[in-house]
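> Spelled out, the chains give:
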Amino acid sequence: MQWRKRWSQFFTTVCTSFTIVVMLYATLADWMGADVTVRSIWDLFAICAAVGVVLFLTDILPVRSVPLRLAIAFFDVCATVFLVGGAVLKFIPLDPPIILTVLGMICAAYAAVFAVSIVNERIAAADINHKVMEMKKRRQREVSANGKSGKSGYTEHD
Amino acid sequence: MKLLIEQSDQYTDAEIVIKCGMMDDRLESIIQHIRLHMFSVAGVKDGETKIFPLGDIFYFDSTDERTFLYLENDVYECSLKLYELEEQLEKANFVRISKSCIVNIMKLDSVRPLLNSRYEAKLENGEKLIISRHYLPGFKQKFGI
Chain Z
0 MQWRKRWSQF FTTVCTSFTI VVMLYATLAD WMGADVTVRS IWDLFAICAA
50 VGVVLFLTDI LPVRSVPLRL AIAFFDVCAT VFLVGGAVLK FIPLDPPIIL
100 TVLGMICAAY AAVFAVSIVN ERIAAADINH KVMEMKKRRQ REVSANGKSG
150 KSGYTEHD
Chain A
0 MKLLIEQSDQ YTDAEIVIKC GMMDDRLESI IQHIRLHMFS VAGVKDGETK
50 IFPLGDIFYF DSTDERTFLY LENDVYECSL KLYELEEQLE KANFVRISKS
100 CIVNIMKLDS VRPLLNSRYE AKLENGEKLI ISRHYLPGFK QKFGI
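Order-wise, the sequence lines are chains Z and A. All residue numbers for the first sequence refer to numbering that gives the first Met the number 0, where the first residue is 0 and numbers rise by one. All residue numbers for the second sequence refer to numbering that gives the first Met the number 0, where the first residue is 0 and numbers rise by one.
Because the hints were derived from the structure by calculation, they are not lab data. This structure is a prediction, so every number in the text was calculated from the model and none was measured. Nothing false has been slipped in among the hints.
Subject to a maximum C-alpha distance of 30 Å in a straight line, what follows is the list of computed DSSO-like cross-link-like pairs (lysine-lysine):
| id | chain 1 | residue 1 | chain 2 | residue 2 |
| --- | --- | --- | --- | --- |
| 1 | A | K90 | A | K44 |
| 2 | Z | K135 | A | K98 |
| 3 | A | K141 | Z | K4 |
| 4 | Z | K136 | A | K127 |
| 5 | A | K127 | A | K44 |
| 6 | A | K80 | Z | K4 |
| 7 | A | K80 | A | K127 |
| 8 | Z | K130 | A | K139 |
| 9 | A | K98 | A | K80 |
| 10 | A | K1 | A | K18 |
| 11 | A | K141 | A | K80 |
| 12 | Z | K130 | A | K127 |
| 13 | Z | K130 | A | K121 |
So the derived list for chain Z, only partly shown, Cβ under 10 Å to chain A, looks like this:
| id | residue |
| --- | --- |
| 14 | R3 |
| 15 | Q8 |
| 16 | P61 |
| 17 | V62 |
| 18 | S64 |
| 19 | R68 |
| 20 | L69 |
| 21 | N119 |
| 22 | I127 |
| 23 | N128 |
| 24 | V131 |
| 25 | K135 |
| 26 | R137 |
All residues carry an ideal CB built from backbone N, CA and C; glycine is no exception.
Let's have the full structure, built from the sequences with the hints guiding it.
Here it is as structure tokens:
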């Protein structure tokens with residue numbers, strides 16, 4: 000179950016970040032009059048998948064502080080993007096204006112993934128609260144049914 | 000579903016027998032309720048030992064290698080370790096929510112998500128407990144999520 004949950008988180012992270020990054024990249028390319036190539040889309044996917052793997056692995060760290068956890072995750076994302084996208088794939092030129100633009104994209108994607116995870120948790124909490132309410136109603140019905148039924152020597156209910 | 004109750008002086012102990020072809024959600028819920036009321040746990044306070052049915056217990060908490068059981072407005076010390084309780088209560092309405100706590104889900108009032116994949120559980124008596132991220136999947140599984 001733990002692994003299923005973590006796999007689901009990994010999948011959500013990769014899909015959400017890839018969608019946001021591709022949309023931002025397409026918007027920037029359109030604005031700057033550049034082309035969006037098939038290669039660039041695959042490079043973006045590779046970067047997002049690498050970020051997902053790194054986040055998946057660092058999630059194991061037993062860090063309890065929320066700000067520290069968020070900071071570690073943000074550092075993970077930046078390091079992976081510049082390492083994989085810049086040094087390995089040579090997709091991101093390591094020039095100051097480009098680095099700033101990429102940092103902006105990272106912030107946007109990071110915020111989006113964070114927002115999606117919050118929404119998912121709220122939905123799950125609402126489902127649990129709904130089931131808790133149902134359990135309480137069922138228990139109340141049972142209590143009232145037991146109160147109505149007589150305590151005879153031999154009882155049969157259909 | 001048929002419910003058959005036989006009451007007679009010839010029986011000393013109550014016995015519950017369930018005969019069924021297939022186990023459905025309704026039946027599982029009934030069995031969980033029976034388990035909750037069948038088992039009891041002993042608690043000690045001021046040298047006095049009392050037996051509590053599981054249905055009355057809100058949660059178990061472990062501090063400094065001692066286990067305590069929490070009722071609506073009272074706390075008793077329990078001789079069992081948390082891992083022993085976890086094993087015994089696995090099929091009842093109890094679930095581990097942190098390293099030191101096992102909660103009775105029948106006493107839950109609501110839950111709300113916190114940051115860092117943790118939840119806050121509010122109990123019927125107004126007490127609030129933290130569901131840690133490590134135990135959250137197991138907690139959700141208890142509700143079929």
